[in-house]
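Enquirer: In order, the protein sequence lines correspond to chains Y and W.
Going left to right, the first sequence walks through residues 1 to 221 as our numbering numbers them.
Going left to right, the second sequence walks through residues 1 to 299 as our numbering numbers them.
Each hint should be verified, as a subset may be incorrect.
[What the hints assert, rightly or not] Derived CB-CB ranges, DEER-like:
#: 1; chain 1: Y; residue 1: H93; chain 2: W; residue 2: F177; range: 41 to 47 Å
#: 2; chain 1: W; residue 1: Q10; chain 2: Y; residue 2: F119; range: 19 to 25 Å
#: 3; chain 1: W; residue 1: I182; chain 2: Y; residue 2: Q12; range: 42 to 48 Å
#: 4; chain 1: W; residue 1: K295; chain 2: Y; residue 2: K24; range: 36 to 42 Å
#: 5; chain 1: W; residue 1: A276; chain 2: Y; residue 2: N167; range: 40 to 46 Å
No lab work stands behind these hints, which were simulated from the structure alone.
Where a beta carbon is used, it is the ideal one built from N, C-alpha and C, also for glycine.
Each chain, letter by letter, is given below.
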Amino acid sequence: MIELYHIWKQYQKPDWALKDITLKVNQGDFCFVTGPSGSGKSTLLKIIFREIFPTHGQILVDGRNILRISDHKIYRQRRAMGIVFQDFRLLFHKRVFDNVALVLQVLGYPRKELRRRVFNALRMVNLNHKMWEYPTQLSYGEQQRVAIARAVVNNPNIILADEPTGNLDTELAFEIMSLFSEINKKGATVIICTHDRELIRHFGKKIVFLYKGKLLREENI
Amino acid sequence: MIAQKLKHFQRETLNNLWQFRARNVFSVTIICLSFLIVGIFVSLSNNLQYTAQQLSQDMAVVFFLAKDISPADQEAIAKELENSPLVQKTQFVSSEQAMEKFLTKFPDLQGVVDNLKMNPFPPSLEVMLREKDLAYEEAQPFIERMNGMKGVEDIQFNKDWVEKMQSLSRLAKAVGFFLGGILILASFFIVSNVIKLNVIARKDEIEILRFVGGTNVFIRIPFLTEGVILGALGGILSLLLLFIVIKLFPVYLGSSLGILNELINFRFLTFSQSFALIFSGAIIGLLGSLSSIAKFLKS
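With the rest of the complex left out, here is chain W (with noise of 0.2 Å):
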């Protein structure tokens, strides 16, 4: 008995979307764009987020030390940080191996170092830091420690880099959420009233139904299943653009923005996400349609 409901279920929920082939398609087509956008900007913000798990990764300290620092200076700073538990490597580079490594990466402009006639580089540490992602307050006080060490005259550190990146990377996913969101609440009036339209033509049967001893669940099913199969349509097709829109932006935008590039560069969703995009995308039809047919079965 139950295998013959599900087949007619299954049968009239075909019967449903062949008919109505045509809104059907615009209500697919809506919910498609709408999930595209979301997938552009979680896609983007994903970008960020690899950049910026990159940058951490080579999260160094870069302590410049005073030109004239005594041995013994050197030595106690040396001490410290080889007795902090944040620091995973330490390497000094003298000035002289500084101005090396500054002339390899700019060898144009040798003629303006030897016009100063001294070497303009301190000598510095450059601290490892252990953990990766390790969070900015924890680092301060060990950073601001060292600062005020005798010999220590200033200090780089990146993780400002890999904060912003950060920063950016959650705005990129706000933004989606919320452009997104407003056309999802969009998407999910269409569904609604394309699933209504499809109750309207369909409300001599639903009548018929009732009369003949339809219950509200047996006449409701079909609906739920073709708001379902569109919500998950729209939200796979929105994958395979997305698919798309990532192989193709690349080439469309050739290397013109140098650095850039790397940062507006798009990375394909995760299994989870995806994942979360097409059942998304099932439950808003589903709700559309429920929205439609609780309004309709109540009349």
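So here's chain Y without its partners, still in its complex pose (with noise of 0.2 Å):
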């Protein structure tokens, strides 16, 4: 479970990037955050993945409170999570499936083992053919699926992705979202933030709806 009490981040003075939000999001949750640009679900995601700090409030991840990991204690905490940023982060002088077999690199997976998950990854995103390529061979939506498959390789407990469709038709975004909703059913917690209302409506159990920093409402289906 995701708990988040009185969430307030400022990057600059005056301006707050997110004004006292409180949201708790079940184990097994598929939630969505979404709102206009500028709203804060990027922010949100990142203090949610500790890559930044709150300026007030706590967070508690499966009761734990993630700011008070110290830093080099908090890999254990990021070893559960999958990540997909928005800018991908894809490693260009590493190929698709060395960019995708890192995650299990620092797990200490078994070469063979290694391989037959980083294939299954790349299976379940259709690029399993391109594991060979470069991500810089690779089209804006494909290195999407590239970030997708490391997020879910080693099926972490929560999945956070920020806009993971945001450049892919809208046939493969649904492929995309399927994927996460399968991930989602074997019990890891999924938060998706995106703009997408076509989705959202599809996919939606649990939506939250952020303007600007703020929480406007959140609805459960």
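Starting from the two chains in their separate frames, assemble the complex, guided by the hints.
Expert: And the structure:
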């Protein structure tokens, strides 16, 4: 379970990116965070992932206050999370296979098991035939799918995705969402930031509306 | 799991070394040249030390006796020498034998000796001391006592030379460590900066590794190994260069400097010195990369 209590975030005075957000996402939820550009969606994900710290407030993940975990121990928390960044953050000097394998290398997976998992993850996003290519040889949408494969390859408990279908056509976007939905059915908590109302309507179970950093409303479907 | 991680570290280190080969070659060259300077001076010092040892091996004291010494005084001196624990061997050289030795060494000066119409060489006692590395301070009281004996006119002791040689050897070593120390310090900063550039070039990768749950140790190890390899490689290359210098220097110098050739001759480093040099290189590489990655991970 992810619990946020009175989260405030300020990058630069006097503007607030997030204003007093209090939110609970239960284990196994499929949650969409939506709102116009600049409403604080990405900031919220970064805070849950502890890429950045909030200015005020507390966050509990599975009962642990992640703001109190020291820098050299935060890796344990991150191993239980898969994240898809808005800008993908792929390594362009490494092949697609190696980009996805990175997560399993950190965990010390045996080579054979690592190959199997990476192949399966890439097959899920329909990119197994391009695993020996470099990200620069892929289209924008394909790069995004590599980032998704990397986020799900180790079956994390929590998946955070920032606009994961932003550059995909409708058909592929639905495929990707189905993929997240399947992972969610296996018990993982999924939080997705998106503008796409169609996707929200189709897949959404819990919807969080943000506007100018404020939590406008929550809907459980 | 550990084997997989070790394989990963090995692969990453080799990737790093190859990917940034130009600047890695640069840092190896700097380390190599710094250690070469130290190596040259240590080698020179080794030679001076060796010469000092050679000198001390035939360390002798020559007691020049009065020409008109009485047999009783001569016997008293011989007895005193015989009783001393420092003396290994004593040999009496008469005035005639001394002149004979001189003329054998310098036959051209036969005319000068003839013109003197007398034998200028006093009789002497050549005494070999027992301890090879006898300290000057230990031999001094014995020599002073002998000098005070009736019939002893002068004393010649080559311990002075041995000590001068040893001082020179120490000086060479000190100069080597001073100059080398400065260069090694410079090479430390260069390695540190080269690794820092490598770290910056891999900034994105480090960031992603942290996001996917990589520990600081996991991120750090390939860079540290890279530093150690660069340092050790610099040390090994400096030994190879030193070997070439030692082989080529006498050829370049020829025999124009006479006796000085022997003194500035280079002797290769001992096994422990060579090992210490490579080890120091590795340590410098390790410290250089440790400092750069530590700063980066902290930020």
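Enquirer: Are the hints correct? Go through all of them and say.
Expert: Going down the list of hints, with the structure as the test:
{"no.": "1", "hint": "Y:H93 / W:F177: 41 to 47 Å", "verdict": "holds (42 Å)"}
{"no.": "2", "hint": "W:Q10 / Y:F119: 19 to 25 Å", "verdict": "holds (23 Å)"}
{"no.": "3", "hint": "W:I182 / Y:Q12: 42 to 48 Å", "verdict": "holds (47 Å)"}
{"no.": "4", "hint": "W:K295 / Y:K24: 36 to 42 Å", "verdict": "holds (40 Å)"}
{"no.": "5", "hint": "W:A276 / Y:N167: 40 to 46 Å", "verdict": "violated (58 Å)"}
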